[in-house]
Amino acid sequence: MSVTTTTRGVGRLLSPELKTRALLFRWLIALLLPLLVFTFVWQGDYVINNVLLGFITPATALTAPSKAIQSAIFMVLFYFLVLALAGYLVASDSGRRKTVSIWLDSFVFAVVPILLIDVTNNLVIGIAVSGIAWAIFFTVRKRIKYLAEAPSSPTSLPTISNDELLQRAILGGFWLGLTLSVIWLLVDVLFFVTGTLQTELLIFTAIRTVVLPIAGYFLGMLGGRVAQRYTAAAYASRDAKNNAKAGHKSRLESQQVVPNDQPLRSSGARTFYMALLIAFLLFYPAIDQYLFGYGTDGRVTGYGDAGYYVILALGLNIVVGFAGLLDLGYVAFFAIGAYTWGIIGSTQLGIIFGTVFNPLVLSWLFWPMIIVSALVAAFWGVVLGAPTLRLRGDYLAIVTLGFGEIVPIVVLNLNQVTNGANGLVGIHSPAFFGLDWSVVTPTPYYYLVLALIALVIFANIRLRDSRLGRAWVAIREDEIAAASSGINLRNTKLLAFGAGAFFAGIAGAYHSAKLGEISPDSFSYGDSIVFLAMVVIGGLGSIPGVIVGAISVYSINILILGQLDSLATDPTSFIYPVYHTITQYVPGFTFGNIRNLIFGVILITIMIFRPEGLIPSARRKRELHRDDDAPAGAGALDIVPSDPGFEAEVRIE
Amino acid sequence: MSAEQVVSIGQNGEQTITPLLELRNVTKHFGGLAAVQEVDLRIFPGEIISIIGPNGAGKTTVFNLITGIYRVSQGDILLGGRTLVGLSPDAIVRRGITRTFQNIRLFNNMTVLENVLVGYHTRLKATVLGALFRPPQVRREEDVARERAIELLSFFGPELVERQDEYVVNLSYAEKRRVEISRALAADPKLLLLDEPTAGMNEYETLEAVKYIRRLRDELGLTILLIEHKLAVTMGMSDRIAVLDYGRKIAEGLPEDVRRNELVIAAYLGKPSATDQEETAAE
Amino acid sequence: MSEFLQFVIVGLVSGSIYGLIALGYTMVYGIIELINFAHGDIFMIGTLVTILLFNLLHVNDTNPPTGLALVGILLLAFIVTMIVCAVLGVVIELVAYRPLRNAPRLAPLISAIGVSLVLEDVGKLWKGLSPIAFPQIFPRAQINLGAVQVNEIDIFIIIVAVVLMVGLQWLVQRTRLGRAMRAVAQDREAASLMGVNVNRIISVTFFIGAALAGAAAVIYGLEFGTTVFYVGFNIGLIAFTAAVLGGIGNIVGAMLGSLVIGMVQSFAVLIPDSLNPSSHGIGLPHGGGSWSLAIIFAILILILVFRPSGLLGQNTPDKV
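Residue numbers (our numbering), protein chains in the order written: chain A, 1 to 653; chain B, 1001 to 1283; chain C, 2001 to 2320.
Among the hints, a few may not be true.
[Unchecked claim] DEER-style ranges, computed between Cβ atoms: (1) A:Ile69 x B:Arg1134: 32 to 42 Å; (2) C:Val2008 x A:Ala451: 56 to 66 Å; (3) C:Gln2149 x A:Ala421: 27 to 37 Å; (4) A:His580 x C:Ile2282: 16 to 26 Å.
[To be verified] From the structure, some residues in chain A lie toward chain C, with a derived Cβ separation under 7 Å: (5) Ser181; (6) Val536; (7) Asn596; (8) Ile604.
Simulated from the structure, these hints should not be mistaken for lab results.
Just so you know, even glycine gets a beta-carbon here, dropped at the ideal spot from N, CA and C.
Generate the whole structure from the sequences, applying the supplied hints.
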């Protein structure tokens, strides 16, 4: 490259053209705000400084070196991802949305949660309260015309060349890096001058000041490359390879294509959010110490428990969400999975067979046995699903409810096998190359459940987008049409029950291994309802929906109500006086006691006002708000059978 | 998709063609009511046969009997000489019969393309494991299925192909009908049952429908059995017509003959009343 | 023999209680095709209401009322409880079911589950987690009926149940209101075209069904002397099974089914304990008593699979 080209390049870099300047300005503000809040108000700076200090003077280290390194890696990933995201956003913005609206979005969705988590010093409560704030924001935003967007069709979006995309992206990343580096430098200088910054850290300050803009340049380029994959031209060439006729913009949801009116919601941005989320999840046990102080293990244990809720929600989603079979006894399969490993992995196996098994071997057996537990549960899923095949929705619900009641009774009474009411104790944890799997160090369980969740999500997505998945949805929509299209109702429904139960079995085995002990009263109808609530609240049939539903339900159930109860006994908290006034009138009151009340009210409210759930699958929203956009062409007498008013019960013999 | 014609040579050298579909003495009771009584019908490959009759005559019941939604109380239904009685609807699809419904039964929360892909269910082989692991043959069969589905949609012109990713709720009635037919065609049937395919259509749409139904037989080699109320349509399109009234077949034959048949006229118009007879006598 | 009759009496008493509750299920299902999950919990609330009433009147078992006072108090208990439950039933329908009249079928079902959860927690908040004592003011005397000693209270219960059921049958078959109810149950649109106020009839149905559950609540409390916030769940499911057994939507069927279920539950204790050496391994572990709920569910499942229309229902195949 000649000197002139370089200088011209640098010139373009340092003083961009007018149009791009506007874009740069708005995105810099939009992204700097949360970044600065995270770095200086909350913990970003704190984490980095303490990690470094931990290396410099190991005696003051907050955590073990391995965790410190992991935290360092996470922080680097975090900032780099945000830089790349900046590049992407600047490139992919069509510029038509009002700047204020973008700033508001960034504030509400990025800054507010950080602040709330900081204030409450609790991840779950912070996000829960943010959720409320978001809900309020959504409803208010719809009313304000200034912020309202005219829905844009993809054909009206502007197109820009790949080169210009890249150029914009590089500018975005570079400038964010530059501004962040300058601000940070100033802050550090300020702290140094006032004596709160250690001298040794200045080296890092210097490195960082230089690295950030340079990294921003290259990461912006990365962001640009991501944007390039989502242009209309890119879609068109992909479609051409897929041999589809007439693939053009009109077929794409407007969120996918770049440039975009709502770049924060576009598919490209979502990959960044995903990456950030995954990084956070992976490194969480390491950085929790820095973020929240003491009690890491307790929190990680809690999240390890929440994990199996997610697996259960995903499994139930197959039965209820995909295939439309209202299973109210799902807890039965969870129990079967738990007891299968419980029996094998504890002394109970020896009691039944009268021999003694080597405990070391038992622990390693967990890995194959988790599959076995899942298969046993799947088997029972098929067996218990078989009688329900010809039943209508509500009857099916009752029968499954009955099974959900019968299984714990059976477990309770079959003493020889299950040790009855005493339950099983001493269930082995898994073994994995010397890792300690106890309650004291819950980290391995945490990663195990993350891995399991990833597998289950993967399986769900594959199933949903397959021949079988289509068959399930077809059955849910219209059984007769499905059968008349060649779908074997019996086998497909049984597969749904089996697949759903399979995942419940996985969750069960994990649960009994983690808990170490189980008994029949840990599995009841109330749990089935909680599982159903997860799926319904989150969004029937929607994979991200039920994950959110599971986390919400778990949060409400265990974390929030539990926290509120412990806060209630703490005289210094604001809950204390509230709690005492209530208990004067209602003696039976604890926050834990009103759990079902809250769930009940939530279920009723959601059914009436938002039956498609929090994060609906695209299908569901159409289905349930169909009257909102009247279908063209259908005469008044042409009532389609999936309509609620049409009775379509035929005994398919 | 060629029609099979099984020609058998009889003792004296005469050739008889085995019917593709045969109803023998088919009867269906619902409690005390006989919805269909002793109906005989033979449909030969490559024909377009219409079943007509006043409302409640049992026409859709016959369809439901053929496709296995109801089970015959008496009699037999044979496809290519093999009985269909007792088979489930999906088994009958595999044997080669698919249908559309009087009130269009599409899967409302699926796109046009997905609806047709469901029709392919019997021709795809992917199992649960196949869905999870997506080995190359599963990927290939999904691609092929998608291609064929688009081909089927294009039978009706390019409009549906362009709207393949739209949810079917947004389509007009006539378009929905075409998607339903495409779905039925996806299973590669020998016999296609169309239940009032032009119901709810205006004149123009009806003419279009007649054209493509003919093309279904001419270009794709299908045998077609249809229920139709619009007599002009049936008369113009059918090779033969069967007439049902109160569950019984009262006439069968070429359109011209059926149109002049007194029983048929009486069934549609009712027996002349006393005043009518006086008036006719007075003229 | 007398032992056998004892089992029969027990069965009749349970059957009476289940019957009054089952009627609520069957009527509601007949009219809007909804399984009212919350119905059993209305029963539970009824028991708490009666306790509240008794507390307000300072009625307890240490100094039970007698004679006319007893009659008066019982009457009051029935009236108050039945009315409160009835109003509760109507309110529930208005708030949780009516908005979902046209929604896909899962929606009102889930809403019903929600209502059930709410009511259970209300019970929990009101009276706590443990079983509460119900003043047993009915005299515990016995009558000699030939071969067997029968508690007066059992006779009372059976009489009350029979009177209410007969009254309901009369209402449904012989009055204009009953005719309207049957019309709406058969064909809602046609009934409304004939001038029937469908919404009002549905509310009336809930009113009556819940009132009967309230009566059942009083009886239950008097007989068993205890209640707890989760009692509605089990009893509700058993009563629902009874309704299905008899033919859902069929009033006489609900009564019949309840009788059968009551008997089954009563005689289930006769199944020997297979763990007990004296039974030689026959029977169920821990004896039939602990399995009675499972047995009843098994019956429910068998009916729904093999004869969903129940004993008295009609097998009506439907139009495609």
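Tell me the numbers of any earlier hints that the structure contravenes, in ascending order.
Violated hints (numbers, rising): 4, 5; every other hint is consistent with the structure.
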